[in-house]
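Undergrad: Just need the whole structure built from these sequences, with the hints factored in.
Numbering-wise (the working numbering), the sequence shown opens with residue 1 and increments by one.
Because the hints were derived from the structure by calculation, they are not lab data. Check before you lean on any hint, since a few could be wrong.
[As the list claims (entries may be wrong)] FRET-style restraints, in silico, Cβ to Cβ:
1) E171 x E242: 27 to 35 Å
2) A62 x T275: 52 to 60 Å
3) R142 x V93: 44 to 52 Å
4) G291 x V234: 33 to 41 Å
5) Q236 x G292: 22 to 30 Å
6) K104 x W164: 35 to 43 Å
7) N232 x G94: 41 to 49 Å
8) T275 x T121: 44 to 52 Å
9) V93 x H276: 53 to 61 Å
10) E296 x V145: 33 to 41 Å
11) R141 x D110: 17 to 25 Å
12) H146 x D57: 38 to 46 Å
These numbers were taken from a predicted model, which means no experiment stands behind them. The C-beta atom is built at its ideal place from N, Cα and C for all residues, glycine as well.
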Amino acid sequence: SRILRLWPLRTRSRFRDSRAPRARSSFQQIPALRLGAPDICRLARLNRAFRSAAAADFVWEAKLPDNYGYLMGFVRGVAGEEDGERGRKRSAVGKKEVYARLAKAVRFDDGKREFWLEKTTGMVCMALSSKALVITGIDDRRYWVHMPNTESRFQSVAYLQQIWWFEVVGEIDFRFPAGTYSLYFRLHLGKPSSSRHAGRRCCGSDKAGGSGIHGWDRKPVRFQLSTSDGQNAVSQRYLDDEPGSWALYHAGDFVVAPDGRPVRVKFSMAQIDCTHTKGGLCVDSVLVYPGGFRTETVVGGHK
Numbered sequence: 001s002r003i004l005r006l007w008p009l010r011t012r013s014r015f016r017d018s019r020a021p022r023a024r025s026s027f028q029q030i031p032a033l034r035l036g037a038p039d040i041c042r043l044a045r046l047n048r049a050f051r052s053a054a055a056a057d058f059v060w061e062a063k064l065p066d067n068y069g070y071l072m073g074f075v076r077g078v079a080g081e082e083d084g085e086r087g088r089k090r091s092a093v094g095k096k097e098v099y100a101r102l103a104k105a106v107r108f109d110d111g112k113r114e115f116w117l118e119k120t121t122g123m124v125c126m127a128l129s130s131k132a133l134v135i136t137g138i139d140d141r142r143y144w145v146h147m148p149n150t151e152s153r154f155q156s157v158a159y160l161q162q163i164w165w166f167e168v169v170g171e172i173d174f175r176f177p178a179g180t181y182s183l184y185f186r187l188h189l190g191k192p193s194s195s196r197h198a199g200r201r202c203c204g205s206d207k208a209g210g211s212g213i214h215g216w217d218r219k220p221v222r223f224q225l226s227t228s229d230g231q232n233a234v235s236q237r238y239l240d241d242e243p244g245s246w247a248l249y250h251a252g253d254f255v256v257a258p259d260g261r262p263v264r265v266k267f268s269m270a271q272i273d274c275t276h277t278k279g280g281l282c283v284d285s286v287l288v289y290p291g292g293f294r295t296e297t298v299v300g301g302h303k
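TA: The structure is reproduced here in structure tokens:
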């Protein structure tokens with residue numbers, strides 16, 4: 001600092017000017033590209049120079065999945081629209097705005113399914129409500145009832161009172177970006193309350209043969225997953241998680257190739273031993289997460 005004070009003002013100014021472009025170039029090309037989206041937005045609020053660099057399209061396009069044009073088709077209400085000149089013109093908005101929109105849940109299939117970008121990684125996640133699944137006996141209120149629930153992404157869950165043949169089946173046909181994905185059933189032993197009261201949940205009783213939790217300790221539930229390109233996963237496990245809390249039951253993994261083709265995934269969970277009834281189980285949704293990513297307790301598979 002002592003040397004700088006002795007320099008003429010013109011020399012000092014010329015020194016700063018000669019360094020500025022290099023610093024600005026480095027600033028744009030390295031930090032913004034390496035940081036996750038939340039960090040970029042956080043730093044942009046603190047630094048004006050970074051804010052300008054962070055708004056550039058090339059920064060956000062690098063964080064978008066390759067098929068973001070296909071995903072934006074769902075936002076426009078044209079599910080599965082192929083990328084093309086018409087689609088590009090209709091989505092002629094900044095890439096930051098595209099990223100921000102896809103990071104919010106995008107509902108489709110009459111609101112029974114949704115996907116979103118995980119904000120840190122930019123990977124695609126998906127959720128299917130219980131109403132998007134084929135559930136044996138779902139239309140008979142002696143067996144199943146739909147219940148409102150504030151802990152569900154879809155504000156509604158399917159609650160099993162009692163049944164002999166337990167089977168839940170579903171299917172996804174979607175263009176996921178290339179990568180490995182894990183599929184989970186989000187389940188809850190016991191009847192959850194639609195809202196919390198003094199920090200407690202209301203759970204069904206454990207009385208055998210009643211509408212409480214019963215039958216899941218007799219035989220394991222079988223989870224299956226298969227894809228249109230020949231991938232398969234089969235596992236069995238008892239539904240023995242702590243009653244009164246939500247848990248993700250891992251059904252299997254699948255890999256999406258980088259060819260951009262849609263992948264059809266079929267999945268199920270079943271316990272069809274009719275020597276005893278099963279009951280007291282809440283089915284909220286099916287979740288698809290990028291491999292290694294999850295937000296809740298996982299039972300089976302990945303810990």
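Undergrad: Enumerate the violated hints, using their earlier numbering and listing them in ascending order.
TA: 4 and 10
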